[in-house]
Amino acid sequence: DAGVTQSPTHLIKTRGQQVTLRCSPISGHKSVSWYQQVLGQGPQFIFQYYEKEERGRGNFPDRFSARQFPNYSSELNVNALLLGDSALYLCASSLDVGPGELFFGEGSRLTVL
Amino acid sequence: RKEVEQDPGPFNVPEGATVAFNCTYSNSASQSFFWYRQDCRKEPKLLMSVYSSGNEDGRFTAQLNRASQYISLLIRDSKLSDSATYLCVVSPQAGGGADGLTFGKGTHLIIQP
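Protein chains in written order, with this note's numbering: chain A, 1263 to 1375; chain B, 329 to 441.
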């Protein structure tokens, strides 16, 4: 069975640009969460979506947005990129919205120059 | 005070030894607790949930002390393959809600032959 898949795996952007990251959850999982992991830190919660609705938001600026599609896949958008947005962006899927086990994808590594 | 605090290490431990990590959390209302493992440049994966009564999974034992607000992980008979970063994870809710998981920075463990 396929796990959580993310694309692209690596990308390089310049300051001020916009980026869209994509995630496909495990089949049957209805919840998708996004986390940002800066080098040397633990993952930090950005968003959770369940049944196409935003169910939780972390302490990130409005430049960060996301959505979930009817097939439960999700996109994370970041506008007006800053150098500090350079990080590994992890998508995680779970069966439902509760704090059960999260299954992470391998992440999208974003470098902002 | 950070929400979840861990000693970042690294812990350099000889193969076969026993090693223990602690983690403290600041939100006394936290309900769910986990240890995740993250290999270098890989995604985090659930190692084990942590229950109030303590729980064991093979060579791994997790304990929760709500009064002191700390969680521990004990690894017995350590193997070279145990080398990884161990992330302490706390959730504010037992079920429902979507505030995301709060990760510590992680404790880096190196098992030496």
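Derived from the structure by calculation, the hints contain no laboratory data.
One or more hints might be untrue.
To be verified - Capping the alpha-carbon separation at 30 Å, the derived lysine-lysine pairs in BS3-like fashion look like this:
id : chain 1 : residue 1 : chain 2 : residue 2
1  : B       : Lys407    : A       : Lys1314
2  : B       : Lys373    : A       : Lys1292
3  : B       : Lys373    : B       : Lys433
4  : B       : Lys370    : A       : Lys1292
5  : A       : Lys1275   : B       : Lys370
6  : A       : Lys1275   : B       : Lys407
7  : A       : Lys1292   : B       : Lys407
8  : B       : Lys373    : A       : Lys1314
9  : B       : Lys433    : A       : Lys1275
Note that the structure is predicted; figures quoted are calculated from it, not measured.
Consistency of the hints with the structure:
1. B/Lys407 x A/Lys1314: Answer violated: B/Lys407 to A/Lys1314 is near 43 Å, above 30 Å.
2. B/Lys373 x A/Lys1292: Satisfied, since the Cα-Cα distance of roughly 19 Å is no more than 30 Å.
3. B/Lys373 x B/Lys433: holds (15 Å)
4. B/Lys370 x A/Lys1292: It holds: about 23 Å lies between the C-alpha atoms, which stays within 30 Å.
5. A/Lys1275 x B/Lys370: Distance ~22 Å between A/Lys1275 and B/Lys370 Cα, so the pair holds.
6. A/Lys1275 x B/Lys407: The given pair, whose Cα atoms are some 40 Å apart, is violated under the 30 Å limit.
7. A/Lys1292 x B/Lys407: violated (36 Å)
8. B/Lys373 x A/Lys1314: Answer holds: B/Lys373 to A/Lys1314 is near 25 Å, not above 30 Å.
9. B/Lys433 x A/Lys1275: Holds. B/Lys433 to A/Lys1275 sits at ~26 Å (cutoff 30 Å).
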